[in-house]
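4 protein chains.
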Amino acid sequence: MSKLRACILGATGVVGQHFIRILENHPMFEVVMVTASTHSSGMEYGNATDWTVSSTVPESVEHLKVTQTKLREILQQDIDLVFSALPSSVAFDIESELACGGLPIFSNAGSHRMDNDVPILIPEINPNHLELVKEQDYGNGFIVANSNCSTSGLVFGLKPLQHFGIKSVIVSTYQAISGAGRKGVSAMDILGNVIPFISNEEKKMALETKKILGDLNDGNVKPAPFEVNASCARVPVQDGHLESIVVNLEESVEIDDITDIMNNFTGEPQSLKLPTAPTNPIVVLSESDRPQPKRDLSIKKGDLGMTVKIGRLRKQGSQLNMFLLVNNTVRGAAGASVLNAEFALAKGVFH
Amino acid sequence: MSKLRACILGATGVVGQHFIRILENHPMFEVVMVTASTHSSGMEYGNATDWTVSSTVPESVEHLKVTQTKLREILQQDIDLVFSALPSSVAFDIESELACGGLPIFSNAGSHRMDNDVPILIPEINPNHLELVKEQDYGNGFIVANSNCSTSGLVFGLKPLQHFGIKSVIVSTYQAISGAGRKGVSAMDILGNVIPFISNEEKKMALETKKILGDLNDGNVKPAPFEVNASCARVPVQDGHLESIVVNLEESVEIDDITDIMNNFTGEPQSLKLPTAPTNPIVVLSESDRPQPKRDLSIKKGDLGMTVKIGRLRKQGSQLNMFLLVNNTVRGAAGASVLNAEFALAKGVFH
Amino acid sequence: MSKLRACILGATGVVGQHFIRILENHPMFEVVMVTASTHSSGMEYGNATDWTVSSTVPESVEHLKVTQTKLREILQQDIDLVFSALPSSVAFDIESELACGGLPIFSNAGSHRMDNDVPILIPEINPNHLELVKEQDYGNGFIVANSNCSTSGLVFGLKPLQHFGIKSVIVSTYQAISGAGRKGVSAMDILGNVIPFISNEEKKMALETKKILGDLNDGNVKPAPFEVNASCARVPVQDGHLESIVVNLEESVEIDDITDIMNNFTGEPQSLKLPTAPTNPIVVLSESDRPQPKRDLSIKKGDLGMTVKIGRLRKQGSQLNMFLLVNNTVRGAAGASVLNAEFALAKGVFH
Amino acid sequence: MSKLRACILGATGVVGQHFIRILENHPMFEVVMVTASTHSSGMEYGNATDWTVSSTVPESVEHLKVTQTKLREILQQDIDLVFSALPSSVAFDIESELACGGLPIFSNAGSHRMDNDVPILIPEINPNHLELVKEQDYGNGFIVANSNCSTSGLVFGLKPLQHFGIKSVIVSTYQAISGAGRKGVSAMDILGNVIPFISNEEKKMALETKKILGDLNDGNVKPAPFEVNASCARVPVQDGHLESIVVNLEESVEIDDITDIMNNFTGEPQSLKLPTAPTNPIVVLSESDRPQPKRDLSIKKGDLGMTVKIGRLRKQGSQLNMFLLVNNTVRGAAGASVLNAEFALAKGVFH
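Protein chains in written order, with the working numbering: chain A, 677 to 1027; chain B, 677 to 1027; chain C, 677 to 1027; chain D, 677 to 1027.
Only chain A is shown next, with the shape it has when bound in the complex (with noise of 0.2 Å):
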């Protein structure tokens, strides 16, 4: 089989350069378009890019003509797919129009995420919020979303719980700077610091963790129904949002019993041996003083970043308490849409 042909909208930012990268030599996918902003469009990618996230720009990539982010120039491509690392303020209009333009677009933009026909899927997690494309109105194109970069650390440490009975759900996080992309912490701000603030950050973590963990019926999501209490931080740390968990629990349950059930926990992505699919999407560390984000965001070779470390699993009264980490620019963004793709492609839904 010949591979699928993706374009990554919004190239040239961090989210981008994590699309290129993970992208680089994938079986099924490869990457044939590049866009940007007005003022890359036209130069060489490598030329247009600060390349940040490894050491070089893979060579296939490296030589793409910069396309603007606009309807005309990428319908007339021949592209099977679209991966959206797009800002949200520009996000909206063109994922839509690219989609009823007969795409399929796998987007780390939040602009669409809580649209009632789009899911914020996690293969893992819900793969069955995948069948919510079909009350899209795109015709052949639809939109997958995946989740905010703090939700896809969280939803992994409460899955696993949902069989006890989730009362009630208190995080608060530690996250890291490249979070806010390249430019968007000041080192004056963070240097030596925490700012204990994140725009809509909490807001995003409580309600698109309700949606990913809710019930699908009749074409409708109806979101899980405890409550989930989210304060974020950001904390000087290059990458890896760290966070501080506490879930009321209905059952009681034993850390050894969880730290099984987590060890032990896959999901379709597994079966179905996805490239991006990790062997294990969670893994419970033992050291009394872990995760760390300088230290466990890959924990063995091979691993891409898919991975969500939990540590200091411990009951307090009724409470059951963890730290977990999540690799925010991979499993909390373009690992993420990857995967989505991958599964899609897989369950028939395009091809």
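Don't read these hints as lab results, they were simulated from the structure. Mixed in with the good hints there might be a few duds.
Identical copies carry no separate label here, and so any pair may be met within one copy or between two of them.
[Said to hold, decoys possible] Quick list of in silico lysine to aspartate or glutamate cross-link-like pairs, DMTMM-like style, CA-CA up to 25 Å:
id, residue 1, residue 2
1, Lys746, Glu926
2, Lys859, Glu963
3, Lys1023, Glu773
4, Lys741, Glu963
5, Lys970, Glu735
6, Lys859, Glu706
Dock chains B, C and D against the given chain A, drawing on the hints supplied.
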């Protein structure tokens, strides 16, 4: 009145240095004796200490000879009170012995905090707990403890809420490296990282908070009845512990009311105009992204660091959320002990 | 004498804030006007500014209305002198126009520094250069520049050595992020990193140093004859530029002699007891690992940040090595301009 | 050919870990023995070590029993060569004794570097110095040292310039915290700071550079005749020593020529295609603000960290300036020793 003569135990460490800094030009106390471990004894304080807490060692202390932290050496001197900046590992015995020797001990060490007859005193919060010293068997001497640094912030966030019925408390911390002492955290461990573990800290926060906010009856403190669930993490910040706090309340309260109550909160130290007492023990910041350790450790000139800052007060369903910042080396350590001594003196517990 | 009425151009940026901080309670000058770009004009200063340089905006300035940085608006006011904290890109024209309008301009901007008739004045170093203003064609008005922040340190390291014949100078810098302004360096770029490039900085250090240390003859400054080879790098430090300096000298000197000469170095600002003049412009630290930006920006209480610290003086063959620390936002920016104004006033250049 | 059996002395520290990481799947050597201090001996390596240098301990070493660093224990084993990651304080005697015991020692410790008969070998730079081992009196055994981490970078910047006549060298360093070992720098000291002092480092840089670039004649190394003036500082960077270098040359050279010479520089390790030899020992970066420690430690996939990066080559009068970046734990430590062993084996010095 001539000043009372104070001895600082463990005077060369970070907390010891803060004691000396805060007691410079103090109207009631003067530092006449400084102790440290063997290898500094006999040296002048200025030479024995790698002073880091302000620009220079106060002149009045610079040339004091450092004494070993030994009972006999201390009792031989004409001392009126003792401040202890000792590490907990060595504090227990020597503090007891000095109290037996007739001296008032104001200790920042954790050793005696959970003794039934030792108050963890914060004069704005639990002034009546000072009476516990009557239960002690140390003759004329006695021991008054201040709380752990993280606890010293949390109780200011909770005290004004007790009136509305606290059902439970969940707190996640972002703690500064100065809380671990001069060599306590290695740069390799914390630079660009978060360490989600501080030994014993979570347990201390729960037990001390419940004791401080408990009721004193018949010479016993009955701990406050609510649960305190703490998760403690170290961040690459120099000074200032930030805390993300969620309180479940029995009664519904309005944010504006809570803000007023907090900003107007005062206690006996304010009535008594004690020198180390801040005008406002709590200040609520109105900006959307505050308090921040690097910016908010002191609010105005002359603020020693005794004011606790609170921001982002918000309701999430039945829960009240806030971020709180405490100056860990001042309100959470040396400043707390000095205020305790001022208060005990004003109340006539010693003279 | 009533205070002279000062206007701060570009008052909302970091340097502008430092001007306001330093001028609080100043005995000669009072801030009566503050200007900024269009989007702040009309607002109260306290609201227009994200104040970061001290705990709170001084009360005397907090409620001043911010004016646009426009000639007409400024000349309409009753102003005695102007401090410019403008970015160089906009400073050139407006500073010239205001000088033509009869106002004394004390500028931190780089725009006019290399003008033949504008002194780069550091009153301890080249007080006679103030006479250059007589060469200017601005009528009653004139422009006095202070140097670039890195230069402002270097010249203090060199001035006491000129007597021994400077053959050449080689300097490598470790510059703080505050030198680039509030949003000048992104956290992604500098956290855990060194950036070995600061635009135009190396050239400025060479040219400005040679001009400041040059001879004034017949209304012209003849640059100092030695070469200055500068390499400039940004490091993740908040405030304080550290410089590693190597000087080739014609005469051999002893370290003890140099130390004495430096510690005893004073100039006209000291004789005149100008309010912003430090008692000792240079302090040589004797510790083996100093000066350090985090510890040595101010040496004693009341040190505004105008003292340059030098350490690790040592000879390597015919070369003299040292590390030098300058407070870039004070001696290297706002404090320098204020001292220049004090000096010019004391010398009768304006009144 | 079966692999040679290697013992790592001081295997649990940071440098020891890098040895083990680099030797994983090495084609010539396999780690069969690991030693450490008393308190780890008897434990499995995976348990004895707080592994920080990559995601996980290589499986082949994880279960090796840690032995004490004692002569008898090591000689009892069937060992073909020894890599020493010992601290200098303990390395001198045990390395000598093991060499006397007939073993080839490739040492990262500084203890023997300045011995007359021990080469500081960098096979691209001074391959003939390997012959010095013939002068040693250790029987079949011998000692080969690699240089100090800062020196290992500097000599790559100088070697291609020797042809043009080096008159003198001035270098200022920006050194990473990993150079001081796991607990070598406390966070309180370095966070947001620069420490302008590293014990003995400046002297080492001068002496070792002159020895490495010196001439071997009749079994003696005559140090290179130029002066090396070094100023060493620690910065808050994890890995990678940056160096600001100024070279006075006798002949004038063009930047383009130097760039070509550096980019094309190779040596015997490249001709011999040794496994740890990089294709290009030196890479000149063309961007205006590089090299940077966080971005340029490895240039392409498969780059172990053995390539030295140079940028900002520029002439200032008769001086040539550059910034240079060396991976201090690889080219400056463990990787250097491994390359030395590969080279010595290829040259038949042992087998």
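Could you work out which earlier hints the structure fails to respect and list their numbers in ascending sequence? 1 and 6
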